[in-house]
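S.K.: Sequence:
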Amino acid sequence: MVVADGSAPLAAPAVTHPVLSPRERAVLDHIAGGLTHEQIARRLGISKHTVDTYLKRVRAKLNLGNKAELTRAALATSGQPAGY
Numbered sequence: 001m002v003v004a005d006g007s008a009p010l011a012a013p014a015v016t017h018p019v020l021s022p023r024e025r026a027v028l029d030h031i032a033g034g035l036t037h038e039q040i041a042r043r044l045g046i047s048k049h050t051v052d053t054y055l056k057r058v059r060a061k062l063n064l065g066n067k068a069e070l071t072r073a074a075l076a077t078s079g080q081p082a083g084y
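Per full-length UniProt numbering, the sequence shown starts with residue 1, numbered consecutively.
I should point out that these hints are in silico values taken from the structure, not numbers from a laboratory.
Some hints could be false.
List of simulated lysine-lysine pairs, DSBU-like, C-alpha gap at most 35 Å [claimed, not checked]:
1) K56 to K67
2) K67 to K48
3) K61 to K48
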């Protein structure tokens, strides 16, 4: 395709995944491991409320709804460092 001035059109920017923080990634990995919010909080030394906040951010960044979707996302990206 050629635009009016004879040049090629600019390519659309590549779609990238939102970056998860290391802590968001850790919480997501623990969800995939089957831990409850309380267990994750104890393991990471944070409050359950903080776990809930991290999961809320992950859901927003990855456009996910329920725990099953979170688990699928975690398993699909397992082994990838934070910032996937």
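S.K.: Each hint needs a verdict: does it hold in this structure or not?
M.R.: Hint by hint, here is what the structure shows:
For a cut-off of 35 Å, the pair hint linking K56 to K67 stands: about 11 Å separates their Cα positions. Annotation: proposed proximity of K67 to K48 holds, straight-line Cα distance about 16 Å (limit 35 Å). Simply put, K61 and K48 have alpha-carbon atoms about 20 Å apart, close enough for the 35 Å limit, and the pair holds.
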